[in-house]
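Per this note's numbering, the sequence shown starts with residue 1, numbered consecutively.
Treat the hints as calculated values from the structure; they're not laboratory data. Quantities reported herein were computed from a predicted structural model and do not represent experimental measurements. One or more hints might be untrue.
Here are the computed lysine-lysine pairs in the DSS-like style, where the Cα-Cα straight-line distance is at most 25 Å [claimed, not checked]:
1) K238 <-> K198
2) K118 <-> K154
3) K118 <-> K238
4) K214 <-> K224
5) K214 <-> K198
6) K250 <-> K214
7) K245 <-> K118
8) K118 <-> K250
9) K118 <-> K214
10) K224 <-> K118
11) K245 <-> K154
12) K198 <-> K154
13) K250 <-> K154
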Amino acid sequence: MLRTISPSCCWSPSLLPTASSSSLIPLHRLCFITKPSTTFPRNSTHFGFGRRRSPMSWLGKLGFGFGNKASEISSDSSSIAQGPDDDIPAPGQQFAQFGAGCFWGVELAFQRVTGITKTEVGYSQGLLHNPTYNDICSGTTNHSEVVRVQYDPKECSYHNLLDVFWARHDPTTLNRQGNDVGTQYRSGIYFYTPEQEKAALESMEKQQELLNRKIVTEILPAKKFYRAEEYHQQYLAKGGRFGFKQSAEKGCNDSIRCYG
């Protein structure tokens with residue numbers, strides 16, 4: 001039996017399907033998270049989902065990509081997109097890159113972390129050079145929505161960033177976070193150094209002990225980062241679609257509300 005939520009209801013992580021629950025298809029587009037579920041880490045913070053889901057994502061998953069973008073991707077384009085992220089962080093800083101569903105809320109969570117000096121949202125891990133938002137929503141380019149953070153390792157350890165990553169989303173749902181469905185919403189940790197890879201693998205092993213379902217997070221080398229369109233950058237801190245600004249102050253613990 002399918003359960004639905006009316007658009008006026010609040011959506012909670014406790015409504016996510018578990019091994020013992022029925023399937024859930026939320027219908028709302030605006031969400032206010034109320035409490036974490038036991039499906040998530042015991043020390044997780046509140047988090048939200050709820051950006052509009054493009055119909056192209058559904059069609060792309062069924063093989064009906066608009067313009068058949070996958071067949072148009074040249075080998076040269078693919079080799080560039082699959083290359084390493086060769087951008088250089090500021091002196092004394094390091095990069096980290098994460099995919100945890102809609103990048104609006106993920107970015108705001110990292111903006112609030114002391115020691116993070118810059119955040120950008122974008123697309124990575126795909127096959128198309130210079131993708132647009134519409135391209136990645138087609139479901140044919142294999143890009144992931146990611147947040148790239150620049151941080152000062154003297155103020156913020158990579159382990160701290162991993163804690164934020166795990167707390168921000170459900171790593172057990174494949175290609176889905178809440179009502180955002182598509183491969184671009186997959187869970188991923190994209191490392192820049194062997195040390196980051198080791199820390200990510202160890203962190204995932206510990207995280208798995210806290211969960212009752214298998215983690216599906218991919219851990220891969222960071223590939224070329226394509227900065228998303230400007231209106232996506234710091235979207236929630238700037239007020240988003242409704243002009244309701246959310247605090248990006250360091251240390252802020254306010255619930256993050258995602259809307260599109």
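Checked hints:
1. K238 <-> K198: violated (35 Å)
2. K118 <-> K154: Roughly 15 Å between the alpha carbons, so the hint for K118 and K154 holds.
3. K118 <-> K238: holds (15 Å)
4. K214 <-> K224: violated (28 Å)
5. K214 <-> K198: The hint holds at about 20 Å.
6. K250 <-> K214: violated (32 Å)
7. K245 <-> K118: Between K245 and K118 the Cα gap is close to 18 Å, so the pair holds against 25 Å.
8. K118 <-> K250: holds (12 Å)
9. K118 <-> K214: violated (32 Å)
10. K224 <-> K118: holds (18 Å)
11. K245 <-> K154: With a Cα-Cα distance of about 30 Å, the restraint between K245 and K154 is violated, given a limit of 25 Å.
12. K198 <-> K154: holds (19 Å)
13. K250 <-> K154: holds (16 Å)
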